[in-house]
Amino acid sequence: MKLMIRRTGAGLSAYVPKKDLEEPIIEVENEGLWGGAVMLRNGWRFVLPDLPRDTRLPITVEARKISDGD
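Letter by letter, the sequence shown follows residues 68 to 137 of the numbering used here.
Calculated directly from the structure, the hints in this document are not laboratory data. Mixed in with the good hints there might be a few duds.
Subject to a maximum C-alpha distance of 25 Å in a straight line, what follows is the list of computed DSS-like cross-link-like pairs (lysine-lysine) [stated by the list, open to error]:
1. K85 / K69
2. K86 / K69
3. K69 / K132
4. K85 / K132
5. K86 / K132
Between beta-carbon pairs, the in silico distance windows are [what the hints assert, rightly or not]:
6. D87 / R120: 24 to 32 Å
7. P119 / D87: 24 to 32 Å
8. R131 / I93: 23 to 31 Å
9. D87 / D121: 24 to 32 Å
10. M68 / T122: 13 to 21 Å
11. M71 / E94: 25 to 33 Å
12. L88 / L124: 17 to 25 Å
Ideal placement from N, C-alpha and C gives every residue a C-beta, glycine not left out.
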């Protein structure tokens, strides 16, 4: 699923174009963000691709959804 990640004044945010949904990222598995799972405020979890730590934001990536927060 496509996921656009950007930095806001409040931290990291993810936009899911397919659902027209933007949520803050509240939890990251890896300190460097890439290659691990992230959780959005609504409970959705995604696995991000393994990109270099210095990848510039905003960026659109193909992420794998692993949980709906149920």
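Hint compliance check: list the failing hint numbers for this structure, sorted ascending.
Those not satisfied are hints 8, 11.
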